[in-house]
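A.B. asks: For the protein sequence lines, the chains are A, B and C, in the order given.
Per the UniProt record's numbering, the very first residue in the first sequence carries number 1; after that it's consecutive.
Per the UniProt record's numbering, the very first residue in the second sequence carries number 1; after that it's consecutive.
Per the UniProt record's numbering, the very first residue in the third sequence carries number 1; after that it's consecutive.
A hint or two may mislead.
Because identical chains cannot be distinguished in the list, a pair is counted as satisfied if it fits within a single copy or across any two copies.
[What the hints assert, rightly or not] Under the rule of at most 20 angstroms between Cα atoms (straight-line distance), these lysine-lysine pairs were calculated in the PhoX-like manner:
1. LYS436 <-> LYS4
2. LYS4 <-> LYS268
3. LYS436 <-> LYS206
4. LYS271 <-> LYS4
Since the hints were made in silico from the structure, they are not lab data.
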Amino acid sequence: MSLKHFLMHGRHIPFLLGIQMAFIILFGVFVEYDKEADSGKAINANATTNEGNTIGHYYPMFQDVHVMMFIGFGFLMTFLKKYGYSAVAVNFLIAAIVLQWATLCQGFYHTFDGRRIHITITSLLNADFASATVLISFGAVIGVTTPLQLAVMAVCEIAIFASNEHLGLEILRISDVGASMLVHVFGAYFGLAVSCVLRRDVSSEKEGATYNSDIFAMIGTIFLWLFWPSFNAGLAEGDAQHRAVINTYYSLAACCVTAFAISALVSKEHKFDMVHIQNSTLAGGVAIGTAADMMIHPFGAMIVGSIAGTVSVLGYRYLTPVVNRRLGIHDTCGVHNLHGMPGMIAGIVGAITAAAATQEEYGYSLYRQFSARAPLAGTPEFKALHHHIEHLEPGLGRSASMQGGYQIATLFITLAIAISGGLVTGLILRLPIFGKVHQDHLFDDEMCWEVPEADHPQLEQIPSHNASPSPMVLHQF
Amino acid sequence: MSLKHFLMHGRHIPFLLGIQMAFIILFGVFVEYDKEADSGKAINANATTNEGNTIGHYYPMFQDVHVMMFIGFGFLMTFLKKYGYSAVAVNFLIAAIVLQWATLCQGFYHTFDGRRIHITITSLLNADFASATVLISFGAVIGVTTPLQLAVMAVCEIAIFASNEHLGLEILRISDVGASMLVHVFGAYFGLAVSCVLRRDVSSEKEGATYNSDIFAMIGTIFLWLFWPSFNAGLAEGDAQHRAVINTYYSLAACCVTAFAISALVSKEHKFDMVHIQNSTLAGGVAIGTAADMMIHPFGAMIVGSIAGTVSVLGYRYLTPVVNRRLGIHDTCGVHNLHGMPGMIAGIVGAITAAAATQEEYGYSLYRQFSARAPLAGTPEFKALHHHIEHLEPGLGRSASMQGGYQIATLFITLAIAISGGLVTGLILRLPIFGKVHQDHLFDDEMCWEVPEADHPQLEQIPSHNASPSPMVLHQF
Amino acid sequence: MSLKHFLMHGRHIPFLLGIQMAFIILFGVFVEYDKEADSGKAINANATTNEGNTIGHYYPMFQDVHVMMFIGFGFLMTFLKKYGYSAVAVNFLIAAIVLQWATLCQGFYHTFDGRRIHITITSLLNADFASATVLISFGAVIGVTTPLQLAVMAVCEIAIFASNEHLGLEILRISDVGASMLVHVFGAYFGLAVSCVLRRDVSSEKEGATYNSDIFAMIGTIFLWLFWPSFNAGLAEGDAQHRAVINTYYSLAACCVTAFAISALVSKEHKFDMVHIQNSTLAGGVAIGTAADMMIHPFGAMIVGSIAGTVSVLGYRYLTPVVNRRLGIHDTCGVHNLHGMPGMIAGIVGAITAAAATQEEYGYSLYRQFSARAPLAGTPEFKALHHHIEHLEPGLGRSASMQGGYQIATLFITLAIAISGGLVTGLILRLPIFGKVHQDHLFDDEMCWEVPEADHPQLEQIPSHNASPSPMVLHQF
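Work out the full structure, taking the sequences as your base and the hints as a guide.
C.D. replies: What follows is the structure in structure tokens.
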């Protein structure tokens, strides 16, 4: 019976131990320190500072992004009244899996030299970005999936995500500094597609918040909002990084004010709605992501943020219920409103801004920003430019409008890959071997956790020494 | 009726949308990237690091300050049992307004070249400092003001604040690296003046804490305490920044220990009082602010911190009740004890330290620290010094004691401008058009928020299916 | 009677005021800014950046470690249902004492020039490390000690800790970049020894968690997990720092996945156990600490992390109850499982890795990493090496295996000093003058805090207007 019980309830254990062992073996075979982190190859054996080492440059923003993934996403999802343990802890587990798996998948595309993947602090930062993708998808299906299903989803999703990222950045050569298309659009529509296939009939009174759970969720919201400039600027440099910070800051500020106003406009008695405040105030960070390091100007960023805040609140108020009822797609955290639509806006804004980029406005930095716009190697244009820019890499000689076209193409390709990948992954998750959440356990920590007894509503209604059911039912949190 | 309802309860909506639109237009007309963030004017188109760009220097401390404003102030104010949503979320809204408005007001004084305001990361950092001013004032009137009133207060306050800041830093040429006078004294007395005019008769059992709300508030306290060195050192450089970090660190440590001891000394049964721990442990950060980058020495910083902790606890214990009862000035968070008096101490300590500053102790850095002490242009003294200091800017030839005098004058000018500005702003906020909080809604999220039913004390006492009022009243949080 | 009451309940007040005053005097006599923070000795009076000043290098990681001490440890310990105030606030008090005292104790060993201790940002970082030691010991005795006992413990422990640290780093010349031996092993076994001597008969229903307290604790867990790379890399430089970040990141990720799996394996119904998730997911950070900057390779770090996660969960599940019952050693937070055993693993892993270190693999950096392995001054080997490494310091000419031996010796010396120091300190804490926690107040904030009435279980069961005890007992949190 113990074995039977194990096979029923313990299936995630061999899976988790198995992938962890697989990660260790794959790291042993394929992963090595890059020379910046390798003692034997270090530039300067006498180094007493980080001079010439990129750790100092990337580390502060890396840590901000790291906080966004684990505190930001983790606590944002604690708003559910009986799902706080799972929100913050399963988020933790899934992200820890992804950090390792994404290092392998992205490393294979970025730094694999035929023998080894070479890792630096940017590998870690990229792995954190990748984990955002999965955590966004997690938001669509939180409460209706088991940890095992989520772990399997993470493994499938990252493999597809890394391929799409490679396609966008290295083959189509598009610019998406804040990863609004490659992470947010991808993660949101992948998650919605999974949710669509899982097609759980969800109507649970547990899918609500309490006073305390809403405040816990605000910890997530605020940290995400604060550190979003680091997310959008983390992989940029010099003036581009400086600009990405400024644009994201003002986009988010404008988005916050607008989201509050629109929330009051469309809510009952013109009160604010916590769901909007927790989520839609962040839409400006997503929507400016692709164009964050472009010359969109502060007022442009603020317009984008305001539109995103508006669209996001209206989505929560009017669109989500319809999508749920009519299309049967449940979206627990409303990722369509926070990541899906704002990500689409980001892609469009990025394409327009790219299509308007001139050398007059950008100076020679144009060819760093949009590498494909640099002239083809060997052409007279290349030689002329090379005279001004020492480290110029040859490009594809794209025009501004061509670059805009590639940007928009990438948006729709990402959408298509995310949706089809999500549908397939959803089908995999329905395999009986991965189990499913019993209807009584939807949005309920009881499924996976020992919940303190005196504290849990189902148990605390009737104290143990009082045998007869009391007519007085107390909902306490 | 819908229109009537809108005019009654929805007045903040057009105001919020209106100022956001105004910000966008003003940014479009006046605001531009500084050359450090402008692609076309960037120093080095090949930059692959942040060399020569100040973003790397300022960003980590900027983010710490950013966390202080939104997590620190936001959660510090969640201590009220039924006002957690408003504390953290309205703090969020008001700060997001201020970030944009302060960029304009401060930019007008700092970087306006007749045509454009030029923004960099320091503009963002300054805007965050400015938001502290409003959030301090917010602390004096939290629970007794509507979001609309607070937004109007923010707009008025920042305009006056930026003028006073300009007066202090650029006309009177004083040193206030941690902005203890320009931000803390200003914000506290401005808020108290507003509260004095609003003169709400406040005696609500809702003005108390619960076990959980007190722990939420500690999140705010601790983050403020941790990142205060970044607040005091964020705009400094080199050895001055290094010194500001050290002084603030030890001032805060000494303040914490002292505040605990004095709290136990004056509280019932010699227990610790959460109000003191949440607030007075921070007074050392305020009190060392003005002198943080001066040669006050670690033990000097610790003395200042210990005094501030003591004064602050005594203020909460003995002064606040008197001010409330006798003068009718309600001070919800006790900002007078955390920002007002410690800010006054800071101003005095700063003046004394400045009056004792000699070239012998400070070396040539003296003229960077106190720019007005540099000799007048063209004088023989200037020429002699210029021989040693290449980038010397001409000053006003002030003596040490003159500098001390200017410092103290600025303290009292700030006090006068804050109080008169606050009184006028208070009168504006009493205009019927801005509404007011109904007596029943003081310190109650119900005014602005849909609060989860089962969770709210007023509603949960009697479950919906139990019609008769129960004699058993449960206060649950 | 007031005096009698003061002598009974207020003994901590003169102690706290006394040590604070002593710290100020000792700082006045002995502590001075190092030249990097001294205006008169600053390298460049014209500095407008931090060039040539180490504040920029160390500050971001310092702040991460600072957050770990006060938010990380503070909130990790809020899991107890009625001890949240004490967990976060007494943690705050004790750490604030230690920051000052450790500056003196460590400064005496590190930078004392016979007249003055010279402090920089690394002094602050080291003081934060030292506070970790005490906070770990605090974890063993939380709930069974008074604030006065803890303050006394902190003072004794830091004096012993600083001596042991000096012995390890400067006399035995070992490498322990993440301080797993010098901080974690020391703190854990010191605390357990204290707990052993205090020998409180603890069996309280208050020693449990509630739903909300568990989520508060996760704030601590996640911040500790996120910033652990800064803890292990904070004092390293260049490629060694880069490597320490990478190793710690992957060790923690692997540890997290493994801890979840093993937790489900050994828990009832194969659910996850919050105690394991809150604590054992962090064991990887401890276990990689000593070898974090060595060439252990990412897969090696992941193996270490996985083993630590496994050992830690098994410790909580099987060892702690036995140690408690058989040996009578109570360990409230299970520091033996989070810091003790993983710290032992760290010491062993560090010794093995050090014993395998060759110049072939490490290049000339070998002699920076293990300074004792550099040749003796004046030897031909030294001269040959000096030819390649300009700033080479003479060492002790140790072989790899000798270095490994010294590493392992330090582990056991640390263990011996910690245990004996803890036993003596425990005896001191039992002196009647320091008081003790009454049996009714174990794990109860009531001892030291005014707890909101309506909120406290003991009071809220029976509303004040209801005289007769109700048969319906509600446990609410």
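A.B. asks: Take the hints in turn and mark each one as holding or not.
C.D. replies: So, going through the hints one by one against the coordinates:
no.: 1; hint: LYS436 <-> LYS4; result: within (17 angstroms within a copy, 50 angstroms between copies)
no.: 2; hint: LYS4 <-> LYS268; result: between (51 angstroms within a copy, 14 angstroms between copies)
no.: 3; hint: LYS436 <-> LYS206; result: within (18 angstroms within a copy, 36 angstroms between copies)
no.: 4; hint: LYS271 <-> LYS4; result: between (52 angstroms within a copy, 15 angstroms between copies)
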